[in-house]
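Engineer: This is what each chain is made of:
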Amino acid sequence: MLIEQCAYGNRWRAVSPAAKGLFALGGFIAAFAAGQPKAALTAAGLITLVAVTGAGVPLSRFTRIALPPLGFLLVGCLSLALSLGWTTDAQQGQELVVRWLPDGWEPILNLAGRSIGALAALLFLAATTPLTDLIALLRRLHLPEVLLELMVLCYRMLFVFSESVHDTRTAQAARLGYAAPRLALRSLGSLAGNLTVQIWQRAHALHVAAQSRNNDGPLRFLEPEYANAGRDLALAGAGAAVLIGIALVLS
Amino acid sequence: MNQHAPETLLEFADVTFRYPDGNIGLDGCSLRIARGSRNALIGANGAGKTTLFQHANGLLRPQGGTIRYAGQPIDYSRAGLRRLRSEVGLVFQNPDQQLFSASVREDVSFGPLNLGLDTDTVRQRVAKALRAVGMDKLSDRPVHNLSFGQKKRVCIAGVLAMEPQLLVLDEPMAGLDHAMRQELLAVLDDLHARGITLLLATHDIDFAYRWTDRIHLIAAGACAASFATPELPQHADALTAAGMPVPGIVELHRLLCQQGHPAFAAAPTAPRSVGELITLLNQGKDS
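Protein chains in written order, with this note's numbering: chain A, 1 to 251; chain B, 1 to 287.
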């Protein structure tokens, strides 16, 4: 929901998603082209600066969105910092050995730097572009129709079913459905069962509704139009080039 | 036939339909919808209203009887259904059943694109339909951030963009508060003024009496009665048999007439709304 709020509420909502996608792609390339952690982190900092000052995404929200993936990154880095192995000793036989930083800090910092750079680029795109615009962009890029339709329906139904889950949970809680662990487990089971039936019913209802509007197969939608798309694309290309340039110079 | 009778746009003649599980959907249902009129289909839950609507749009095919649109029996070929569904727009009761895309503008474009129209025409139609329902300012909002009433209006826009002659609305007022109802009513008034024929299902007998031109009563899959709305007081028994109450204003008028209120001595016809009743009472006081 936080990403949704940013995506619909930022200053660059009306900017072409192709331009934002190009800038994010530039950020990705810069992160992977960076030979030094400081280069990747500089690229990440610049992308965050653009998101905050340019698109007007509040820094606190951007940071909150970044926290869960940063947590995963931390776990990944820890697994690199520790190494498990067997040593062969002539007298004592095989022995399990835990090593701390077997290859030093460098590979960990490189991985963390690149990941943070790539994460910043991805979050820039997610926090400034609603998913409907991204799907429209993917349609223009000729992604297979079936995948796009799945994305459209999943995104729409995500909200329909989350509302349904909320309503059902509230109704269950009002009748002490979550008063004890045993009851909670039972309520959760019936919630899942109820939702499964609802999914079937909704799927049928959507099919009927599509037929009533003359649908005969693929789901067709109008592509949004963006003013100054060419100018935005050129600016985004220049921004992407600057990011890549800085990453290469600092490496 | 009377030369001045309005043209029949949609006609059900002795239509029967039974669902695969044996439930009766329609049972010898006959009714006529005149072009340019406002019609209410009234009946208890499970009476067959939604089944009738799905027949009107060609989603269901009658197992007996005939349905005619603009004088011609419905052609159930692919091309025939395509024509019918572009002429008869169906708005479902639950907006979440109808709205596919999370983008308002995208969803409204779904129907006209299915008609095979070019992008420029679709763009114009989408803008026009969103203006007609007063949603043009919110066209960039995601569907999940709209209120229930706004979602309903998007659903209507999605059907209007196909430029139908007959708009069929399944309980459009259900779940709406007073303000939302008034907004939706203004939209429907505007559509009627543009010549679109309206057929809506409702449980609100007071609203149906106040607003429509013709009322069709449906009970157990059959059309129990069909009459011009001003004649409703004469069909009170049919309403009761269909499990519907008589409008409060009709009851009040009958009581005032029984008591010999002077305001109604010269105007024995029941008023259609509280406003009309008050006007009559004031006129009686002045005279």
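Take these hints with a grain of salt, some might be off.
Calculated lysine to any residue pairs in the SDA-like style (CA-CA distance at most 25 Å, straight line) [claimed, not checked]:
1) B:K137 to A:L191
2) B:K128 to A:C154
3) B:K128 to B:E163
4) B:K128 to A:G104
Ranges of calculated distance between the beta carbons of each label pair, as one might list FRET restraints [said to hold, decoys possible]:
5) B:E7 to A:T170: 27 to 35 Å
6) B:L185 to A:R13: 52 to 60 Å
7) A:L235 to B:D140: 40 to 48 Å
8) A:L158 to B:H261: 58 to 66 Å
9) A:P218 to B:N45: 29 to 37 Å
10) B:L185 to A:A205: 49 to 57 Å
11) A:D216 to B:E231: 52 to 60 Å
12) A:L235 to B:Q72: 51 to 59 Å
13) A:A205 to B:E231: 33 to 41 Å
14) B:Y19 to A:P218: 43 to 51 Å
15) B:Q72 to A:D216: 47 to 55 Å
16) B:D177 to A:G71: 57 to 65 Å
If you're looking for bench data, these hints aren't it; they were derived computationally from the structure. The structure displayed is predicted, hence computed values, not measured ones. We treat Cβ as the ideally placed atom computed from N, Cα and C, and that holds for glycine.
Engineer: Could you grab the alpha-carbon distance between B:K128 and A:C154 and see if it respects the 25 Å cut-off?
Structural biologist: violated (29 Å)
Engineer: Would you say the C-beta atoms of A:D216 and B:E231 sit inside 52 to 60 Å of each other?
Structural biologist: violated (43 Å)
Engineer: Taking the beta carbons of A:P218 and B:N45, is their distance inside 29 to 37 Å?
Structural biologist: Roughly 36 Å apart at Cβ, these two residues keep to the hinted range, so it holds.
Engineer: For the hint 43 to 51 Å, verify it against the beta carbon of B:Y19 and that of A:P218.
Structural biologist: violated (29 Å)
Engineer: With respect to the beta-carbon atoms only, verify the hint that A:L235 and B:Q72 lie 51 to 59 Å apart.
Structural biologist: For B:Q72 against A:L235, whose Cβ atoms are near 57 Å apart, the range 51 to 59 Å holds.
Engineer: Tell me if the beta carbons of B:E7 and A:T170 are separated by a distance inside 27 to 35 Å.
Structural biologist: With Cβ atoms ~51 Å apart, the hint is violated.
Engineer: Against the 25 Å threshold, does the CA-CA distance of B:K128 and B:E163 hold or violate the hint?
Structural biologist: Satisfied, since the Cα-Cα distance of roughly 10 Å is no more than 25 Å.
Engineer: Below or equal to 25 Å on CA atoms is what counts here, so check B:K137 against A:L191.
Structural biologist: violated (38 Å)
Engineer: Within 57 to 65 Å or not, the Cβ separation of B:D177 and A:G71?
Structural biologist: violated (43 Å)
Engineer: Does 52 to 60 Å hold as the CB distance between B:L185 and A:R13, or does it fail?
Structural biologist: Violated, at about 33 Å.
Engineer: Falls inside 47 to 55 Å, the C-beta gap from B:Q72 to A:D216?
Structural biologist: violated (22 Å)
Engineer: Keeping to a limit of 25 Å between CA atoms, is the pair of B:K128 and A:G104 held or broken?
Structural biologist: Status violated; Cα separation ~65 Å.
Figure legend: structure checked against the earlier numbered hints; hints not met, in rising order: 1, 2, 4, 5, 6, 7, 10, 11, 14, 15 and 16.
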